[in-house]
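Line order of the protein sequences matches chains A and B.
Sequential numbering from 0 applies to the first sequence in numbering that gives the first Met the number 0.
Sequential numbering from 0 applies to the second sequence in numbering that gives the first Met the number 0.
None of these hints come from the bench; they were simulated from the model.
Heads up, some of the hints might be wrong.
[Said to hold, decoys possible] Dumping the calculated SDA-like pairs for lysine to any residue here, alpha-carbon to alpha-carbon at most 20 angstroms:
1. A/Lys260 <-> A/Ala317
2. A/Lys260 <-> A/Arg332
3. A/Lys260 <-> A/Asp336
4. A/Lys263 <-> B/Val213
5. A/Lys263 <-> B/Leu266
6. A/Lys260 <-> A/Pro250
7. A/Lys263 <-> B/Pro160
8. B/Lys263 <-> A/Ala317
9. B/Lys263 <-> A/Thr212
10. B/Lys263 <-> A/Glu211
11. A/Lys259 <-> A/Arg312
2 protein chains.
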Amino acid sequence: MSVESQVVPALGELCRRGIVQAPMAGGVSCPELAAAVCDAGGLGFLAAGYRTAEGMYEEIEQLRALTREPFGVNLFMPQPAADPAAVDRYRRQLAGESSLYGTPIAEGDAHGTDDAYEAKLALLVDDPVPVVSFAFGCPSRDELDALANAGTFTVVTVTTPEEAQAAEWAGADALCVQGIEAGGHRSTHQDDPQSDSSAGLGLLSLVTQVRETVQLPLIAAGGLMRGAQIAAVRAAGADAAQLGTAFLACPESGAHAMHKKALKNPLFATTELTRAFSGRPARGLVNRFVREHGPYAPSGYPEVHHLTAGLRRAAARAGDAQGMALWAGQGHRLARDLPAGRLVQVLAAEADSAWADTASRRTRT
Amino acid sequence: MSVESQVVPALGELCRRGIVQAPMAGGVSCPELAAAVCDAGGLGFLAAGYRTAEGMYEEIEQLRALTREPFGVNLFMPQPAADPAAVDRYRRQLAGESSLYGTPIAEGDAHGTDDAYEAKLALLVDDPVPVVSFAFGCPSRDELDALANAGTFTVVTVTTPEEAQAAEWAGADALCVQGIEAGGHRSTHQDDPQSDSSAGLGLLSLVTQVRETVQLPLIAAGGLMRGAQIAAVRAAGADAAQLGTAFLACPESGAHAMHKKALKNPLFATTELTRAFSGRPARGLVNRFVREHGPYAPSGYPEVHHLTAGLRRAAARAGDAQGMALWAGQGHRLARDLPAGRLVQVLAAEADSAWADTASRRTRT
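Could you put together the complete structure from these sequences and hints?
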């Protein structure tokens, strides 16, 4: 090879405080949010999902202008095509929503189903960023090698020990270990409609099982909102913690104001995994749309995502949170609307103090 | 009052090592298992569920003869009567199982639905034990007071912050905080068939939310198999950890040999919550019975439990694990068949070493 390989830094260098801001697609993880996290010693992330390759690149350039600290970009892996009949059936089942919000339901055919994965990857190899993480699957060894040669640290998201093993074999530098508590999309490598949602592993069970399966550094994700929980996942063997919903509530996040407000609204007391909005299981606050369409929504990502995109926008315009995708993890009630940099500091201080408290309780025992 | 109230000891005195052996009904948590745990400095438990009041008392006497250490007894709270039509429909749906195992399906009417709760409680007030814990609901303030006056430490099992609040108001001394990862029955105070199983909180999310809701000592339960996980839940704010599946595998446990063996059998790779065996959601290894009957099994505890009891016994006699209730938490693959006392020592040592490891990693950061 004529191109000299770059040295990939260690996770601890990329993320001094062991706190990662989760990539949240759809405009939530905007450059302003990521920059604030990075400047406070956390690892901020951009979410390339749903964007064009050019749109992704534009955000990277914006973030580079805002911070000199390391940051990450998250990619969605291409998914198998959905069953067109199942998607069509769901389109008809959404007819009432179309009338309710006075919006036609988008034709899915206009959109690709690969999220411009290859174009994005080519851009990231060409003009490397410090960290690239992957959702919905595991890249090939060649793809991971190309990023490693460019000096990029790669993270593959996993939800089972088997997926962790596959990612280690493929050559990932670290794993993001996503428990069932996590808000937004489950990052299972395949969407299995036969599998009961109660089969998904809770974060603490998952971290331990993955820790005993692979040697890689682990970033624990799912429901984490407090520093004491960061201390907990580190005690269980994780090297860092990734928080989404906690940062969604920050003023810098691009989440819709109604979405932020809903996190602590007692009207939305629980979360569920649902395929209603995107065709892939994702955890959100239970609202009317989830209750009505969740029970029969088909597996069909991203076709179903495109199908409901207009409805969700119309619901937001109408000020109706009952028709929006209110992604949230199981800890949503503990959300704080602190500025993101301040939140990183508070979380780090809480983790330290949880440590000191438990040490003193251990001494007393 | 003429009877002098006894002083209720603190959790730390009852459970020196912060390790509780979960009550597992159906003969698993036998006096031999509980005694071995108690003698090693853990808190052993008997499970009064499914037993007569006299049967419970007999086991207490056996345990008292085996150990002088504190121990606990777990009671099932009485449940609302099931819809007879739903139970009858399920009985008909089980006809194939009846032919398969050559066993008639029991008539549910012969059994009470209150698990002899009042008789058991009266016995425990009359001849007190150190600890009484409750599943499936929250006792009245009078019931908890009667036990407290007898010097008994009371623990109410909870699965949500709301249940935790109710238990604190009722006067419990501590809470067992049960995450979605736990094997066996979910201890929700009500079985809500409308609620999606993905709404159940993972242990680490739950511990934090309950910790911020109540002042009581917390015993964390759900998928815990290693000492590092015990260190983790303590960092998150729990005072002790309760382990079921970890102790189910011990030679002293009364679990069926096929049940123990199934925990690590790759044939049973995942667990699910199912009403198939008992009519109340319980987590077990996914086998043929769960796959076939789980999707339509009604809410109806303990009627459905009695309905399937003969089938489960016949499956065990036939050596067919595919028809048995293989209760297991999400950590089942990590089961070790160590003697119970040795397991308590190993868990405590692992927790200490997780502590030391994380402290050294923190210093390096």
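Run the structure past the numbered hints and jot down the numbers of the failing ones, going up. 5, 8
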